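K.L.:
This is what each chain is made of:
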Amino acid sequence: MAKQAEKKNLESPAELEQYYRDMLFIRHFEEKCNVAYRQGKAGGYMHVYIGMEALAVGWMHSIKKAHDYVITAYRDHAHALLLGTDPVAVMAEIMGRKAGTAGGKGGSMHIYDPKNGFYGGWGIVGGHIPLGAGLAFASRYRGDDKVTLNFMGDGAANQGVVYETLNMAALYELPCIFIIENNEFAMGTRLEYHAADTELWKRGTPFGIKSERIDGMDVLQMKKDAQRIIDWVRKEGKPYLVEIMTYRYAGHGAADNDRQLYRTKEEEAENLKRDPVEKLKHILIERNIANEEKLEAIEAEILERVEKIYEEADASPHPDVDEVYDNIYTDMTPEKGH
Amino acid sequence: MASTLEMTYREALHKSMVEEMDKNADVFLMGEDIGRYEGTFKVTRGLFPKYGHRRVIDTPITEAGFAGIATGAAMAGLRPIVEFMTMSFSILALDQIINHTAKVHYMTNGEVKCPIVFRGPGGAAKQLSAQHSHSMEGWYAHVPGLKVVAPSTPADVYGMLKTAVDDDNPVILYENPGLYAMKGIVPDDPEFKIPFGKAQILREGKDLSLIGYSRMTHVNLAAAEILEKDGISCEVVDVRSLLPLDTETIYASVRKTNRAMVVYEDWRSGGFGAEIAARISEDCFDYLDAPVGRVGGLNVPMPYSRILELECIPDENDVVKAVRKLG
Chain A
420 MAKQAEKKNL ESPAELEQYY RDMLFIRHFE EKCNVAYRQG KAGGYMHVYI
470 GMEALAVGWM HSIKKAHDYV ITAYRDHAHA LLLGTDPVAV MAEIMGRKAG
520 TAGGKGGSMH IYDPKNGFYG GWGIVGGHIP LGAGLAFASR YRGDDKVTLN
570 FMGDGAANQG VVYETLNMAA LYELPCIFII ENNEFAMGTR LEYHAADTEL
620 WKRGTPFGIK SERIDGMDVL QMKKDAQRII DWVRKEGKPY LVEIMTYRYA
670 GHGAADNDRQ LYRTKEEEAE NLKRDPVEKL KHILIERNIA NEEKLEAIEA
720 EILERVEKIY EEADASPHPD VDEVYDNIYT DMTPEKGH
Chain B
92 MASTLEMTYR EALHKSMVEE MDKNADVFLM GEDIGRYEGT FKVTRGLFPK
142 YGHRRVIDTP ITEAGFAGIA TGAAMAGLRP IVEFMTMSFS ILALDQIINH
192 TAKVHYMTNG EVKCPIVFRG PGGAAKQLSA QHSHSMEGWY AHVPGLKVVA
242 PSTPADVYGM LKTAVDDDNP VILYENPGLY AMKGIVPDDP EFKIPFGKAQ
292 ILREGKDLSL IGYSRMTHVN LAAAEILEKD GISCEVVDVR SLLPLDTETI
342 YASVRKTNRA MVVYEDWRSG GFGAEIAARI SEDCFDYLDA PVGRVGGLNV
392 PMPYSRILEL ECIPDENDVV KAVRKLG
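So the protein lines, in turn, are chains A and B.
Each residue of the first sequence is one higher than the one before, counting from 420 in the working numbering.
Each residue of the second sequence is one higher than the one before, counting from 92 in the working numbering.
The set of hints was computed from the structure by calculation and includes no laboratory data.
Hints are not guaranteed to be accurate.
A short, non-exhaustive set of chain B residues, derived as facing chain A with CB atoms under 7 Å [unchecked claim]:
id, residue
1, Pro151
2, Gly156
3, Ala167
4, Leu169
5, Leu183
6, Asp186
7, His191
8, Tyr197
9, Asn200
10, Lys204
11, Ala221
12, Gln222
13, His233
14, Asp259
15, Pro335
16, Gly361
Just so we're clear, the structure is a prediction, and the values are computed from it rather than from any experiment.
We treat Cβ as the ideally placed atom computed from N, Cα and C, and that holds for glycine.
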């Protein structure tokens with residue numbers, strides 16, 4: 420009987436399967452991005468989310484989609500995909516194509532989809548944090564009930580403008596959640612080497628911002644914590660800071676091809692044991708929601724879907740050269756020519 | 092015909108902001124000491140009691156932070172007017188303005204607009220020395236995605252602030268502190284606007300074009316008076332808008348007078364006047380009877396001593412001297 424009662428608090432099988440599908444989709448999408456990069460279809464800087472899937476899935480399933488605001492740095496594919504951005508447009512953007520989310524002008528680091536509440540996609544570490552607070556400022560100004568998810572990495576947590584923003588967010592009572600995705604590395608510099616105090620969650624407390632550190636490798640816990648925090652911020656109309664412990668299995672970016680410079684293979688192997696995708700897989704089996712066969716079918720379906728996305732994006736045209744001047748301004752172009 | 096009023100540059104700016112705030116509830120002000128303290132140059136006097144802390148927002152002294160928050164608010168559809176206590180302090184916000192604000196529209200390929208105005212005094216006031224006297228307009232006019240205007244008269248600042256607030260793009264409205272107390276005639280018309288990208292001829296002449304913007308326009312007018320007595324007839328072109336730049340009006344004047352002198356307060360080397368001079372050289376070469384001349388601020392950090400400070404800032408005598416040298 421006790422077990423029955425406990426079950427009532429559990430997520431529905433459909434929800435669990437959806438989380439699994441979402442996490443696996445991100446993983447394979449990101450793997451495919453790596454393929455695109457290796458094949459020269461994608462260039463520049465590209466940062467994938469492999470290992471961190473539970474984090475974005477937990478948060479994006481807890482907001483009101485196409486209502487709340489989401490903004491992040493350059494590791495941004497997952498956030499967009501989970502908000503409902505057309506994956507072909509995301510892949511096309513990564514390939515620099517006309518059909519991309521920004522017509523090939525942004526690339527991997529600058530995915531935007533404001534219709535779905537996604538405001539990028541920013542390349543300067545910590546630089547977008549005041550912009551996110553500005554979105555929340557608009558909510559405060561208008562008196563609407565939107566919440567802003569303002570994501571950053573652990574490296575950004577040291578930037579000066581982040582503290583300016585935390586101060587103003589607390590001062591003006593902005594409904595903004597500062598989410599530090601702590602994957603333990605600021606590019607190739609380990610947390611201990613870049614942060615005087617490695618407990619980054621404490622950094623909200625001097626401003627009187629409710630702050631905590633939580634685990635981001637278990638999607639079910641992540642979902643519960645995210646929902647709790649979002650509900651609080653929506654109700655109280657005040658900022659919140661949360662440090663989420665995660666780990667990226669991939670390098671910092673596609674150009675990071677020697678991870679052993681900053682971490683050992685043993686450390687990576689150790690961390691693979693808490694792979695959030697594997698963890699959820701076990702739960703699905705444990706709770707009899709899916710058997711191995713079904714899980715394999717899901718994976719095959721996702722792989723096929725990703726393959727189609729890739730092909731469709733790759734078949735789409737590059738931008739026309741004369742589009743280079745489009746959308747610098749709403750109503751004019753700068754002086755043309757070299 | 093609409094009636095007119097006489098008022099200072101400061102009052103015109105103030106009146107313009109009040110009218111825009113009354114017209115549109117999405118317009119709000121943000122900046123250091125603009126509310127309770129009424130602004131360092133008192134442009135926002137009386138606005139805090141009138142609109143309250145919701146629309147006249149005192150910020151901490153954190154320029155990057157509030158420039159970024161205002162940019163985010165603009166991305167969400169509000170129309171902030173951000174005051175920098177001096178444009179020199181906007182250097183702390185350069186990453187926000189150049190790397191973020193100016194690029195929002197392009198990086199989203201037109202999906203997101205950023206209707207924001209950054210305004211404040213730029214250039215030398217009086218003995219504020221090296222860290223408070225920067226001319227920043229040339230730095231900003233270098234950046235695609237921004238619009239930069241530098242009105243020289245009360246009527247122009249009145250009309251250009253309105254155009255700036257109405258614009259869906261980020262605008263830098265550059266005010267020289269030496270202009271705030273200057274009086275002029277302003278149309279008593281809340282709908283009065285000065286379009287961007289339109290220079291104006293403030294004095295007709297036939298021998299040489301004196302080209303400048305902001306306070307230097309008045310220096311040019313004074314120089315033209317002096318030169319007139321020497322029998323040199325100068326046309327004074329007030330550029331008003333740096334980005335977009337009205338080359339048509341500038342070129343038409345130079346093609347008529349066949350001589351050009353560009354005057355700007357910013358450091359002579361690499362200042363915006365150099366850009367104007369280069370363009371005239373490129374596009375009006377066949378019309379020129381002499382090389383394009385330039386008068387700029389001395390290439391030194393602004394010193395404190397009034398004597399040294401005045402040495403740095405171009406005045407009408409510097410302009411007259413340069414014109415005579417041009418031959």
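K.L.:
State the violated hints by number, sorted upward, taking the hints as numbered earlier in the document.
P.N.:
5, 11, 12, 13 and 16
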